[in-house]
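Please arrange chains E, A and C on chain F, whose structure you already have, making use of the hints.
There are 4 protein chains.
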Amino acid sequence: MNRESFAAGERLVSPAYVRQGCEARRSHEHLIRLLLEKGKCPENGWDESTLELFLHELAIMDSNNFLGNCGVGEREGRVASSLVARRHYRFIHGIGRSGDISAVQPKAAGSSLLNKITNSLVLDIIKLAGVHTVANCFVVPMATGMSLTLCFLTLRHKRPKAKYIIWPRIDQKSCFKSMITAGFEPVVIENVLEGDELRTDLKAVEAKVQELGPDYILCIHSTTSCFAPRVPDRLEELAVICANYGIPHIVNNAYGVQSSKCMHLIQQGARVGRIDAFVQSLDKNFMVPVGGAIIAGFNDSFIQEISKMYPGRASASPSLDVLITLLSLGSNGYKKLLKERKEMFSYLSNQIKKLSEAYNERLLHTPHNPISLAVTLKTLDEHHEEAVTQLGSMLFTRQVSGARVVPLGSVQTVSGYTFRGFMSHTNNYPCAYLNAASAIGMKMQDVDLFIKRLDKCLKAVRKEQGKESDDNYDKTEDVDIEEMALKPDNVLLDTYQDASS
Amino acid sequence: MNRESFAAGERLVSPAYVRQGCEARRSHEHLIRLLLEKGKCPENGWDESTLELFLHELAIMDSNNFLGNCGVGEREGRVASSLVARRHYRFIHGIGRSGDISAVQPKAAGSSLLNKITNSLVLDIIKLAGVHTVANCFVVPMATGMSLTLCFLTLRHKRPKAKYIIWPRIDQKSCFKSMITAGFEPVVIENVLEGDELRTDLKAVEAKVQELGPDYILCIHSTTSCFAPRVPDRLEELAVICANYGIPHIVNNAYGVQSSKCMHLIQQGARVGRIDAFVQSLDKNFMVPVGGAIIAGFNDSFIQEISKMYPGRASASPSLDVLITLLSLGSNGYKKLLKERKEMFSYLSNQIKKLSEAYNERLLHTPHNPISLAVTLKTLDEHHEEAVTQLGSMLFTRQVSGARVVPLGSVQTVSGYTFRGFMSHTNNYPCAYLNAASAIGMKMQDVDLFIKRLDKCLKAVRKEQGKESDDNYDKTEDVDIEEMALKPDNVLLDTYQDASS
Amino acid sequence: MNRESFAAGERLVSPAYVRQGCEARRSHEHLIRLLLEKGKCPENGWDESTLELFLHELAIMDSNNFLGNCGVGEREGRVASSLVARRHYRFIHGIGRSGDISAVQPKAAGSSLLNKITNSLVLDIIKLAGVHTVANCFVVPMATGMSLTLCFLTLRHKRPKAKYIIWPRIDQKSCFKSMITAGFEPVVIENVLEGDELRTDLKAVEAKVQELGPDYILCIHSTTSCFAPRVPDRLEELAVICANYGIPHIVNNAYGVQSSKCMHLIQQGARVGRIDAFVQSLDKNFMVPVGGAIIAGFNDSFIQEISKMYPGRASASPSLDVLITLLSLGSNGYKKLLKERKEMFSYLSNQIKKLSEAYNERLLHTPHNPISLAVTLKTLDEHHEEAVTQLGSMLFTRQVSGARVVPLGSVQTVSGYTFRGFMSHTNNYPCAYLNAASAIGMKMQDVDLFIKRLDKCLKAVRKEQGKESDDNYDKTEDVDIEEMALKPDNVLLDTYQDASS
Amino acid sequence: MNRESFAAGERLVSPAYVRQGCEARRSHEHLIRLLLEKGKCPENGWDESTLELFLHELAIMDSNNFLGNCGVGEREGRVASSLVARRHYRFIHGIGRSGDISAVQPKAAGSSLLNKITNSLVLDIIKLAGVHTVANCFVVPMATGMSLTLCFLTLRHKRPKAKYIIWPRIDQKSCFKSMITAGFEPVVIENVLEGDELRTDLKAVEAKVQELGPDYILCIHSTTSCFAPRVPDRLEELAVICANYGIPHIVNNAYGVQSSKCMHLIQQGARVGRIDAFVQSLDKNFMVPVGGAIIAGFNDSFIQEISKMYPGRASASPSLDVLITLLSLGSNGYKKLLKERKEMFSYLSNQIKKLSEAYNERLLHTPHNPISLAVTLKTLDEHHEEAVTQLGSMLFTRQVSGARVVPLGSVQTVSGYTFRGFMSHTNNYPCAYLNAASAIGMKMQDVDLFIKRLDKCLKAVRKEQGKESDDNYDKTEDVDIEEMALKPDNVLLDTYQDASS
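Respectively, the protein sequence lines represent chains F, E, A and C.
Numbered per my numbering, the first sequence finishes at 501, counting up by one with no gaps.
Numbered per my numbering, the second sequence finishes at 501, counting up by one with no gaps.
Numbered per my numbering, the third sequence finishes at 501, counting up by one with no gaps.
Numbered per my numbering, the fourth sequence finishes at 501, counting up by one with no gaps.
Chain F extracted, bound-state conformation:
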């Protein structure tokens, strides 16, 4: 509503009330102006009213929402379904242009602003989360793996001779495939066992660099966030190697934004050595749906090169999700989530420790891993080969999601490469174990339910081991109310194995 509208309004209802309403409007506008001018995440989250006003205002700047528009092109932002239009707040044109995913679209000033602001907010949050000297970043509507691929494809043009990527082993398929898809040969560096922890074998890395020759190496591809007992790579030392040998360094920081430790490692790596880009998942760090990642780095022009490497327009959906989320939370809200995650990590850690001791198991000592925990399943494994996977299956049917049992000796071939001890990040970890993690958004109730169900499952598996089949289980358990719907039907073991990989 403009001035004339308010004036007309004053003739319909009392001027004093309209003026008060008009004043109130200004406070929404004030927040919007601050956002556009500063490009920073507001400290306090916006309420839905301001948020929707803002999105609405942006959307009507896109040509598909012009009241007088006539479109005679092949791509005019027409939408067949009003449900679809509405769920995208009428942002239809996506982000970016043929040449560059960060470019401005003439047909879509609103979507372009949305894209710019989102990237600006995300940059602000990355700094706040610990990487203070980050220079640039952008949201890309692809998951972490494909985003890593895009980084590698960009590097290819700068390193024509390169064939190899040096990769300290982490048993997660998509980061491995990201290298294969980009057309490079991963050179797997096995981890070394230090206490219970699996850590980067720096000597092996450097030896390999010398053996293959720096020019033939596209980059070192390191990892921060990972399942215990693997811990984040020794980023500082790797960064120094990269600097010394002139090799690019790409960091897979998949769910590391939520951990100040992971972020600190990246900050330090960049300070003392070389990090070209670090890639993180949107969904895992910002509690949005799967499908986006952030590519960030310390050199503005390299990040721009990557963004120019994406051919064509792209979905604005992940950007929109993270924009809504960050404006709703505010930086204070996000900080609170980070703090709570840390507290839940301690709580989970304590609870799991207590439980494990009751079963003569042990929480592995992995102080360098700030997110994931591992507890041994020795006694289970000793008695019966399949007991470990059976435990996984039982947890799955009891609606415990994300717990991962890792049996010994599993072998898997991925894109032609064979991994012994797959899932454990090493050929021969000393024992089978179970993983649990404290990720952003976890609640105390999650922990309590998990501990309770794990307790029951362990009890049941034990009983069975002494005796015979899974059938007995049902009768002996006293089912409680929140588990009423969850009878332990005989899910095939391979179902579970599939689920946990």
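Quick caveat, the hints were computed from the structure, so don't treat them as lab data.
Possibly wrong hints are sitting among the right ones.
Identical chains share a label here; the pair holds if one copy fits it or two copies do between them.
Said to hold, decoys possible - Here are the simulated EDC-like cross-link-like pairs (lysine to aspartate or glutamate), alpha carbons at most 20 angstroms apart as the crow flies: (1) LYS173 - GLU305; (2) LYS443 - GLU48; (3) LYS40 - GLU4; (4) LYS339 - ASP124; (5) LYS208 - GLU185; (6) LYS163 - GLU185; (7) LYS308 - GLU185; (8) LYS354 - ASP448; (9) LYS161 - GLU236; (10) LYS38 - GLU4; (11) LYS261 - GLU197; (12) LYS443 - ASP47; (13) LYS40 - GLU10; (14) LYS40 - GLU211.
Relative to chain F, chains E, A and C alone:
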């Protein structure tokens, strides 16, 4: 509601009415069952009520929506903002898994079903649109360019020696960049002028194949939908060349699904020769937001290979959009849109012909292009060098979107390659021209407004050419109501040039 | 977004694009300004984008949406559920104040504007629909019956001696109860049969007026829209009687806005005689959910008196519904609906005529009823007493809603008054019949399905009459696809009777 | 989805995952079944997913959502705007029937169930809130005032001679008008001052009953929730008088559900004497939009009589709002809100006490009022006549809503009755004062902001009193951040006076 709930309902209100309501429910369920069993697009579109019921039912099968779920993993589908959760109908887990974008997710049975069904529906529509023998396809949450890149990256593993991609020239940046991004060298084949049309130079293609050697050629990358006066490539003949020399053939069918001609070309190409995959945009063919594409092909296992090449999970958002759209439209609704598009093409063609003659211009004769038209801007170009771009700028500020003026002699460098006569698909087209297209969803009102505004702009440009500046224009024009907000402010010419590329 | 925000936007993306977006915004604002200044229904419907912007702008003028508000009263517009807040577009304060449902609320300038504008738009539409000299009206969140009650309660204060309301009989419970609830004694004037039509007995009315004495009569309560073979009351003549004897006249125009004939009657009545208020349903005339009515009249101050009679605030929900609907349709859209309704009336009339003749029945000749039709059920009634209600029951289970069978001789007592021949508006109509109506929003498909199903039911009832029970029916009928879910289960006859009253 | 659909789903994705999803669905269904069977508010609030599933399931039982429905009546639940349909979850038919607002609609089994369940839930909550022996209640889509009118209109039929309603004075317009609208003469009983409190003058009531004669009295109309220093009426004693003289007793319990004291009074009154019905606002007690009330009582058949007195159908919107709200909160959530309100009352009380003492004012001692507080404005009033209203105006412009200043000596005429000392519930309260209340949903932040702003306003008013105009004010105040938009513009005093009445 289950049987017990209905029984309880009968005690609260009359059993006869509840029974009637219960019967009514069955007809919704019937439609859902048919969809799941047949995997085909329903003939008649569903109403919103059935659609939302279906989405709701799928969503509650995902673990993040389990009432008793406890999550202890790093990716549990938690959502911070209820606005975000709601706009995704609570599908948070995305589609695919580490290894394969088409794979089923244990944590997300609902999302997995959504993905399968969407791909199945889309396959059905591709057949209906003319490619009857298509074997498999999948929706990928990346735009056409990046999807082409994925195809090329997949082929790399099958053709280790390949360095080149043979590419009949089309002046659109993202399909060119798709090859660069994948790390290949595009070999540009200039088009030949036949009458007004620019067509594939088959001899040049074959000569190049022989010159470079088939093994060194990753594939031929042809194009169907394009701006006139270029017309769809001679797919049949190219497909035969591919078959003869054992070279893969990837077709950029960006907005070709909407045209039976483009689809027929693909069907014929596959019949007489070789087509490995054809890629089409979701937004341009299905009236959904930008951000998705369909990769389809005639060999099931090759399409699966591509889908396995995508590392990691991906956004379900484009799949959800196209699913909602197709279920809302039904196959009849989609066919109706195709029919109306064809009619609008004739109408646009006639109207533009009439107008052009009034200005001593000519509609170029491009019968092989079923979507795009071009009308000469000779008289404009003769008088004043900048008149052509000025026309473009004027159309832009008058909210005509998608019209593209193509001046002579524009030179552009893309990723190190220099294109003369850029935008016109050839080094030296005989004249400047203006493009307009009849794309799916276009309305008669779009055409009428376009013709009216073009008329005014042409008149204004002419006047000015006889005289002096743009300022006069404003006063001489009788502004009509739907253009009230659109004063011809002095937008810089380069703004427009930027906009139309 | 204000000027500073746009300026900031221009620094983020190209100024030319932002300016274009800003221009586009102005066209939305222009529409809003026009609405507020003129208070008339726009000719062309608004698109959702403008509509939601408008509602959003209004809502943020209410104190519950002020960012800095602190509430220390007992009614602060707090909402517990965000679903609820959202579905009301955050209008929480309702409309009106303690003293007057049309009054302005200091705490809620936006809701107050909404209320004023809605009433203004509705007034505009009433004029457009035929009552050109209407002086004032307001939307009240009560259905027609209760709104009539409110009119009667208002009149009570002006006519302290009055005890009776003169009421030409119409067999619809809520308008009868509206008088009882208000505490008056309805004086039923039986209709006279003219041809097939039941019409107002003017002589009886006047005789009753004289008999009771004008001062003891609160008002004449007449009716326009009604089920055939009753037709709208002779409003002109009644209005003249009212004028002559100084008796108020309240017209129940429940679903009469959709018929130019009904509206014309009111206009004429007011011109030649006296009409104090006419009351119409929101849902039946404007295709919104049940729950609101419009009280309108020719004397501004009397309408204001009624609005002041409503004690306390009221729900804004019906006002919001009709506002959204009218802005979406525009006056052109509403006129189109009126035109289509008229056409459907002819179509229904023709189809039902044809069908009735095939069964030796007859469409009753009721030219004065512009909405409802009646077709005789003589042959059915002759054979078997219960056949008529059975037909009704069969139609009900076949999802024909709104068709009403009227058997002979039904007797009903309402609030102590006994009506013979209830449902037929007279003690002894010559034959049983079936009603169908062409109401606003009806589609040709409704008519076709109805005729088809009626045909089948008539056939089935006949067969049975020759033979035995309903059970046979099932087997002889060839069920078609759209009826698949609808098996003719043995619904009790009284179920249907209940349903049709 | 039915069994066949799940089976089809199992063929598309792994059976184990579909089965898990299917199990998950059962827990939603379980909650729905419990609700329908028990009719009680669930202890724990439902999540949105269950809630929307439930509403969706109900809605598809209404005939307007039948896929095969054909409507040939005058009221078929057609909706012109999809925005409107959606915001009502496609419940279009409203609640009730011609004869009875609680009756079941044949065309709308879903809406009918919604209505029944809502009433059942609300009954459960009223018991929980303290009126354990309530027999029946129903939600009516009218605000408290009109609902009281409906009660009086119902009583009229049982007490033909009655003309008067005995009403212990409370200065709130709509409850006064509720009697006028119903056509009765209010007999105002002035309150007596006991300490600071204004309480029911029982002797005056009984004397009036004897004077007028019980048969001529429709009922006693008492009040619980009210602004201090008035306190809830002596319900027990009034109820005993009613019982003794055989006079009905209607209690205005407008916002009393939120206070255990008010509810206890009603419970006690009914135990020891006579209460026929008690009426409460939906919005004030359940944090939903304005527009609904609950009519409850201890005699099932009397409550049914009232519900049958409402002529015609009615809006389902208030019922839907309260249903959504209660299912979201659960009884635990509602209890928590009640508890927090009580705590806020203490907090507000303490803070306001402290502040008042700093200004030589006094918190009035009104221990019987559990919701509203009053603080003297003596020093203000002494200096300058208009200072009290000026304070109100300043608070209003500073976005303090709900604070009410009550000057001495204000006179108001309502429907012909003149009230001296209007707003203070008595002709001559000893001093001017300011009201603030702790209502359900109030936050500590509301209290803190209020105290802060009140402090500033008091300071400013004082300064001015010593000196000259309002203009100085602006400069002397140090504006803080949350008040940035709120400049103390010179709002006319009568604006405020209007606002606070």
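Hint check results:
1. LYS173 - GLU305: Answer is between: at 16 angstroms across copies they meet the 20 angstroms cutoff, but 27 angstroms inside does not.
2. LYS443 - GLU48: between (24 angstroms within a copy, 18 angstroms between copies)
3. LYS40 - GLU4: between (33 angstroms within a copy, 16 angstroms between copies)
4. LYS339 - ASP124: Cα proximity of LYS339 and ASP124: one copy only (18 angstroms, versus 40 angstroms across).
5. LYS208 - GLU185: This pair counts as within: shortest intra-copy Cα distance 13 angstroms, inter-copy 30 angstroms.
6. LYS163 - GLU185: Answer is both: 6 angstroms inside a copy and 17 angstroms across each meet the 20 angstroms cutoff.
7. LYS308 - GLU185: The answer is between: 17 angstroms across copies meets 20 angstroms, while 24 angstroms in one copy does not.
8. LYS354 - ASP448: within (12 angstroms within a copy, 43 angstroms between copies)
9. LYS161 - GLU236: neither (26 angstroms within a copy, 38 angstroms between copies)
10. LYS38 - GLU4: Cα proximity of LYS38 and GLU4: across copies only (12 angstroms, versus 30 angstroms in one copy).
11. LYS261 - GLU197: So LYS261 and GLU197 pass the 20 angstroms test inside one copy only (16 angstroms; across, 62 angstroms).
12. LYS443 - ASP47: Result: close only across copies, 16 angstroms inter versus 23 angstroms intra.
13. LYS40 - GLU10: For LYS40 and GLU10, the Cα distance is within 20 angstroms only across copies (17 angstroms; inside one copy 36 angstroms).
14. LYS40 - GLU211: neither (46 angstroms within a copy, 56 angstroms between copies)
Hint check: violations occur at hints 9, 14; the rest are consistent with the structure.
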